[in-house]
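Peer 1: Here is what each chain is made of, one letter per residue.
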Amino acid sequence: MTVTESAPAAHVGSRRLRKEDPALLTGEAKFIDDLDLPGAVWVGVVRSTEAHARIVNIDGSAALAIDGVNEVLTGEDLAPLWGEGALPCAWPVTSDMKTPTHLPVARGTAKYVGDAVAVVLADSRYAAADGAAAVVVDYEPLDAVVEIADAVADGAPLVHPDLETNECYTWGLWGDNAAAVDAAFASADHVVTEQYLQQRLIPAPMEPRGCAAVPSPAGGELTLYSATQIPHILKVMTSVVLGIGENKLRVVAPSVGGGFGCKLNVYAEEILCCALAQQRGAPVRWTEGRAEAAVSTIQGRGQVQHIELAADAEGRLQAVRVKLLADMGAYLQLVTPGVPLLGGFLYHGCYHIPNYIFECKAVFTNRVPTDAYRGAGRPEATYAIERAMDSLAAAVGVAPEEIRSRNFIKAEDFPYESPPGLVFDSGDYHAVLDKAVSLANVAGRRAQAAQRRAAGSTKRIGVGFSSYVEMCGLAPSRVLASLAYGAGGWEAATVRISPTCKVQVVTGSTPHGQGHETCWSMIVADKLGVDPDDVEVLHSDTAVSPTGLDTYGSRSLSVGGTAVFMAADKVIDKARAIAAHQLEANEDDLEFSGGVFRVRGTPEAEVPLAGVAFAAFTAHDLPEGMEPNLEAHVTYDPPNFTFPNGTHIAVVEVDTETGNVELIDYVAVDDCGVQINPLIVEGQVHGGILQGAAQALYEDAVYNSDGQLVTANLADYLVPSAVEAPRYRLESHVSPSPTNPMGVKGVGEAGTIASAPAVMNAVVDALRDLGVNNVEMPASPQTVWKAISSAQGGAS
Amino acid sequence: MIPAAFDYKVAESAEHAISLLAEHGDEAKLLAGGHSLIPMMRFRLAAPGVLVDVGRLDDLRYIRRSNGTVAIGALTRHSDLEHSAELAQACPMLSSVAALVGDPAVRHRGTLGGTIAHADPASDLPAAVLALGATIVARGPGGSREIAATNFFTGYFESVLADDEMITEIRVPADDGGWNYQKFNRRAQDWAIVGVAVASGGTGVSLVNMGSTPMRASAVEAAVYSGASAAEAAAVAAEGLAPPTDLNADSDYRSHLARVLTRRALNAAGVS
Amino acid sequence: MTNVTLTVNGTHRSLEVEPRTLLVHALRDELGLTGTNVGCDSSSCGACTVLVDGRSAKACTMFTVQADGAEITTIEGVAEADGTLHPMQQAFHEKHALQCGYCTPGMVMAAISLVEEYPGLDEHGVRHGLEGNLCRCTGYQNIVDAVLQAAGTGGD
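Protein chains in written order, with our numbering: chain A, 6 to 801; chain B, 995 to 1266; chain C, 14 to 169.
Isolated chain A, as found in the complex (with noise of 0.2 Å):
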């Protein structure tokens, strides 16, 4: 492959270019369905068609006349597959937790639209729709809970008549500090109040899910492979659930198209693949659909947000009072009640806010379970924020750049402990700020947008901010604890020299885009004096990286980058050993830089990291008691998590004759601490922004009364394309985070996080002297021109 790449000396801070790129480009890249296994069984699921129904009779003979289609098995009959084992929840947020049993596919009665009710078992991929689409359930429907609200009324049906409530917890913050608050708000010169809707979305990465267990019937041994965020959990997991011996289980992710978060969990299709190879002896694959993916893999937020903010006369603020209705959905999924908790400490945003309180309540309603999506928590904690601090400045009277300005947690404040007890590691919000106030010319925005009022033009111009503040490199194991997590935050790496001094890395991070490779081989090539193109990075498999907790929550660089950086220094410290007894001097003698290690005011006496490799690797003159070889291993479990921050301004068009809302400017200034590769960095925030102003103004799950996912395919689930996406224009602020030696923070999320805010908030700022304080998201030009009418008085 003849690959262009510059190669400046020190690669970190480097724009370099991906070594991941040439397999992608060329389709030499092996996603899950593509994986050659011969003599597979191929999965085709029934899913049930109702949102709630007694399954009465599941009909297969049709199926089983189609040539090809050779089983055809119901929740009752593979219940022995799993026994007592059923899907994990990882994330048990309180004591009193309601947990309903969710078997991989279901027996008796059917949760949700999309529900596992059957699975065919087919020679082929034809073969299995065909057969899935044959099968003939007989289903009596029962009362159905669609949305959030109904889950809570008098009288609502129940989504699990044996857990007697819909209610699964009500989990709180600082619930003591409630008399503070009542006074604060009892006292305060302005009270807001608002209410936000956050809609369902479906994660939608460009490849669907997929998994095929593979079995060495001889040996006892399974390999799964799966498009998974998370091979090591999921290995653990399955292993759990299925009683298969760790020794006796691999998992592969191979190339995976991308996760968001949905594909960071444990689904039915990877236990059932696993159980009926290994009762089968013969590898068992399946392979989601589009239509398919919209009603089996989580989807994200769907959460109702109260929130009020409590003022002095400036707008300075006093407290902030937080209530959330969390949509769980019908089941609970890995961490899905663990999502509202990761925005729960941040709802009083990049503010000093004296006085906070906070408190969820997660219900269950007849849909698609809820679970991570990207952000998880954070973007819905920014968004109520956010969107609320623009109505206190309204209240108050200033611009939305000097509401947040008056309060910033200052520079000086940092390290900054938050009201719930977090604490923030660095930043400087007011310089962020002013960075992004100049970027995006917002005087000069302002001017043509009181141009285009004064003119009675019908083309609104509308300016939106959105300061944040996010958690991210999740976690200090003993912090997830409290929390009630089922699993650690630490992450693991190990960094080998080989005989002729080519080094391997072997992570525990699992990347789907992120670019791990390169900025994983740029930290080692800058530690070792190395060629990035001469350093190999090794993950994904729990074979040949057997430790790891895989990559979610923008944890990956501050979490596993450093476990890197951290073996890479380890691996130093032993060739210093060894460097130290061929040149007969002190290590503390030593100085090591361009991969050489040379004897302080002696020049001439050096010896290259090749030399010492080689000497690791013959052994035949170590140091007395050395182990032969270059070999580190790390686990990193952070101190504390680092906090990513930024303020993005996103500039709209109103029609407001139509009510489209075009994106016609978008500036980001982030902070997301040093960065390894300024060209991913940038990519990351791109596509975060995105995804975020997608939720803003196209994305909805929407539901219909029946419990019916009405926007199950790509044509009606509004994924934007290059024609509805802006131009991003970015710049940063570094201020390292002191969490980590790299002082990297993470930005996986970022965007995503900040951006659905901005782009609301500009769209209210076009239409506020029309009379609109409030859009829903979607902003679809149809919710915005009913804004306007109903502003306006009805009139259309």
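Take the hints with a grain of salt, since some may be wrong.
[As the list claims (entries may be wrong)] Have a look at the derived ranges for each label pair, beta carbon to beta carbon:
| id | chain 1 | residue 1 | chain 2 | residue 2 | range |
| --- | --- | --- | --- | --- | --- |
| 1 | A | E81 | B | A1016 | 33 to 41 Å |
| 2 | A | D159 | B | T1239 | 25 to 33 Å |
| 3 | B | D1246 | A | N446 | 35 to 43 Å |
| 4 | B | A1216 | A | G402 | 19 to 27 Å |
These are calculated hints, taken from the structure and not from any lab test. All residues carry an ideal CB built from backbone N, CA and C; glycine is no exception.
Use these hints to put chains B and C onto chain A, whose structure you have.
Peer 2: Structure of chains B and C alone, referenced to chain A:
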């Protein structure tokens, strides 16, 4: 998703296609570009027993101008319409509308005859030929007949085309009058929520997705003809219509859009 | 089953398929050309875009039998035999126009066809020309810049 199985027949000529249709009755469907039919088959919303592939009938792929008429073969692809210098000169509205259908890959496969036969009220080109006063030539076992576009569409995905007929040609009058097409949608690739086609300086006006068929906005045309302003004419765009309600628009909003877009289209077509 | 003859990436291929076999599945499952991906079932995403007789087509919205006798070019067929990337692939690499890479083969094929079909493309033209190819990672800006670069009409 995977379509249900079917028998596949390649038509060697229009006559052959018609005889295959006659032979297989309502089990059979014509397959041209397939860009309306195949997605429906993938969702198993359509499962014809026999597909008669007319996609190879290259003799039905042409754009010919003679006197005041442009004759377009039914198998002419949207991208052919888009790139035809002759059509751009004789009937610029039609080539411009063709360039707005779907995306380039769709335009490379989709055919004019196919999209008209599909009779989707949300499609662009049926409304365009309607506004232009086109004539549709259909051939059946008994020979060819000419159908005015205004009489062609009868209901949701329904037309006067018999089960054993196929469209062979679309005849469009050359039109150097003012024209415009307003396509309003949320994403560029989507069907129009509402569309308005204006031809012939405002005397040919049609509406997309405002009912069960593409339709002429006769009240608007009459108003323009009688000298009304664009705003006055546009005000009656939705008169007497019962537009559908769907995910993107309810009936009221569609009516409102029809009025706004009609005014804009008339203005752009030179009606002040 | 029907016999179909295709020229795929310059090689003559003959295969037996059910008439309903989508072109993308013939390429992937019968010919082992798995670079062309499937991303939806509604012709919306363009992940399956290939060239049919030199012009972009969505291989999930074509039956293989419709392509009988056609020349098909897939992502596997655009780099040179020695591995030198096609200028469009190279531009995607240089502009960081891919992240997970799943939409990339279809996006590259659509872009190759687009540049060929519309000489002198500007940014507006590129964005509209790619409206039928969805990407969830990049936010499109780098893709647009890559296509402009390869088209020789912008993007540095």
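Peer 1: Now look at each hint and say whether the structure bears it out.
Peer 2: Structure-based check of each hint:
Take E81/A and A1016/B: their Cβ atoms lie about 50 Å apart, and the range 33 to 41 Å is violated. For the pair D159/A and T1239/B, the supplied restraint of 25 to 33 Å holds, since their beta-carbon distance comes to about 31 Å. Between D1246/B and N446/A the Cβ separation comes to about 38 Å, which falls inside the hinted range of 35 to 43 Å. Range check, A1216/B to G402/A: Cβ separation about 52 Å, and the 19 to 27 Å hint is violated.
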